[in-house]
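All residue numbers for the sequence shown refer to my numbering, where the first residue is 31 and numbers rise by one.
A few of these clues could be false.
[Unchecked claim] Cβ pair distances, simulated, as ranges:
no. : residue 1 : residue 2 : range
1   : R154      : F202      : 43 to 53 Å
2   : P174      : Q70       : 40 to 50 Å
3   : R108      : I35       : 34 to 44 Å
4   : T62       : G184      : 43 to 53 Å
5   : K177      : G157      : 42 to 52 Å
6   : A187      : K107      : 25 to 35 Å
7   : R154      : L45       : 47 to 57 Å
8   : R151      : K107      : 16 to 26 Å
9   : P104      : K200      : 34 to 44 Å
10  : S199      : R108      : 53 to 63 Å
11  : D162      : K183      : 35 to 45 Å
12  : Q156      : P74       : 13 to 23 Å
13  : R154      : C106      : 10 to 20 Å
14  : P174      : K51       : 25 to 35 Å
[What the hints assert, rightly or not] The calculated EDC-like cross-link candidates involving lysine to aspartate or glutamate, where the alpha carbons are at most 20 Å apart (straight line), are:
no. : residue 1 : residue 2
15  : K183      : D162
16  : K177      : D162
17  : K51       : D162
18  : K107      : E179
19  : K56       : D46
20  : K200      : D188
Because the hints were derived from the structure by calculation, they are not lab data.
Every residue gets a Cβ at the ideal spot worked out from N, C-alpha and C, and that includes glycine.
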Amino acid sequence: MEYGIHCRLADCNRLDFLPVKCPACKEPFCDTHYLPPAHQCTAPGASEFQPEEFVDPAARKAASSTVRTPCPVPGCKRFTLNVEEQKGGKPGGSQQAGSSSSAGSGSSGSEQKAFTHTAPRCYRCQGLFCPDHRPLPAHGCTVPPPKTEGQRKGEAADDRKRRAQELMSKHFPSKAKKKT
Numbered sequence: 031m032e033y034g035i036h037c038r039l040a041d042c043n044r045l046d047f048l049p050v051k052c053p054a055c056k057e058p059f060c061d062t063h064y065l066p067p068a069h070q071c072t073a074p075g076a077s078e079f080q081p082e083e084f085v086d087p088a089a090r091k092a093a094s095s096t097v098r099t100p101c102p103v104p105g106c107k108r109f110t111l112n113v114e115e116q117k118g119g120k121p122g123g124s125q126q127a128g129s130s131s132s133a134g135s136g137s138s139g140s141e142q143k144a145f146t147h148t149a150p151r152c153y154r155c156q157g158l159f160c161p162d163h164r165p166l167p168a169h170g171c172t173v174p175p176p177k178t179e180g181q182r183k184g185e186a187a188d189d190r191k192r193r194a195q196e197l198m199s200k201h202f203p204s205k206a207k208k209k210t
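From just these sequences and the hints, can you work out the full model?
Right under this line is the structure:
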């Protein structure tokens, strides 16, 4: 029995537990082949995605409408898989370049839609990390695991029992002393 998804690139076919979808064709690939140039993507708009936008901080600042989040682990220079749309106004310069490319493609009145992606977070601390630091030991997660439903029910039963004992000792002080 296999868990995960195989990379859609026929030459790779790597079993990946954290596949990444191509921003153009939305097919799942391994972390090596998810960019359109890496798998010769033929989907519309695939030629507009450049690998430098996803890995180079200078290109990230120059990107027209998306922002990549750097990994918060000290010393790590990789980015998380989270891509958000920029907030607060139109970026200058590169927006005009995007408009001219869309005008050349025949859709003169429409603007390019920004690529956004919400990455999975650490289930304990809710932090965003690069694929290398997502496992709990890799980023040193110290947040305790969430309580299971059974643990929550057990704590609620203990709390009810404690309150009942307090009520009994308040109304029947002689019987409460005999039990203890």
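Q) Falls inside 47 to 57 Å, the C-beta gap from R154 to L45? A) With Cβ atoms ~25 Å apart, the hint is violated.
Q. Taking 20 Å as the top limit, are the C-alpha atoms of K56 and D46 close enough?
A. holds (16 Å)
(Q) If I claimed the Cβ atoms of R154 and F202 lie 43 to 53 Å apart, would that claim hold in this structure? (A) holds (45 Å)
Q) So does P174 sit 40 to 50 Å from Q70, Cβ to Cβ? A) Holds: the Cβ-Cβ distance is about 46 Å, inside 40 to 50 Å.
Q. Is the straight-line distance between the alpha-carbon of K177 and that of D162 20 Å or less?
A. violated (26 Å)
(Q) The hint says 53 to 63 Å between S199 and R108; measuring C-beta to C-beta, is that right? (A) holds (59 Å)
Q. Is the hinted range of 42 to 52 Å satisfied by the C-beta distance from K177 to G157?
A. Once the Cβ atoms are compared, 20 Å apart, the range 42 to 52 Å for G157 and K177 is violated.
(Q) For K183 and D162, compute the direct alpha-carbon distance and say whether it is at most 20 Å. (A) Violated - the C-alpha atoms of D162 and K183 are around 36 Å apart, more than 20 Å.
Q. Falls inside 35 to 45 Å, the C-beta gap from D162 to K183?
A. This hint holds: roughly 37 Å between Cβ atoms.
Q) Does the hinted range 34 to 44 Å hold for P104 and K200 at CB? A) The hinted range 34 to 44 Å is violated for P104 and K200, with Cβ atoms some 55 Å apart.
Q.
Verify the CB-CB distance for R154 and C106 against the hinted window 10 to 20 Å.
A. holds (19 Å)
(Q) Within 34 to 44 Å: is that where the Cβ-Cβ distance between R108 and I35 falls? (A) Since R108 and I35 have Cβ atoms about 21 Å apart, the given range 34 to 44 Å is violated.
Checked against the numbered hints given earlier, the structure breaks hints 3, 5, 6, 7, 9, 12, 15, 16 and 18 and satisfies all the rest.
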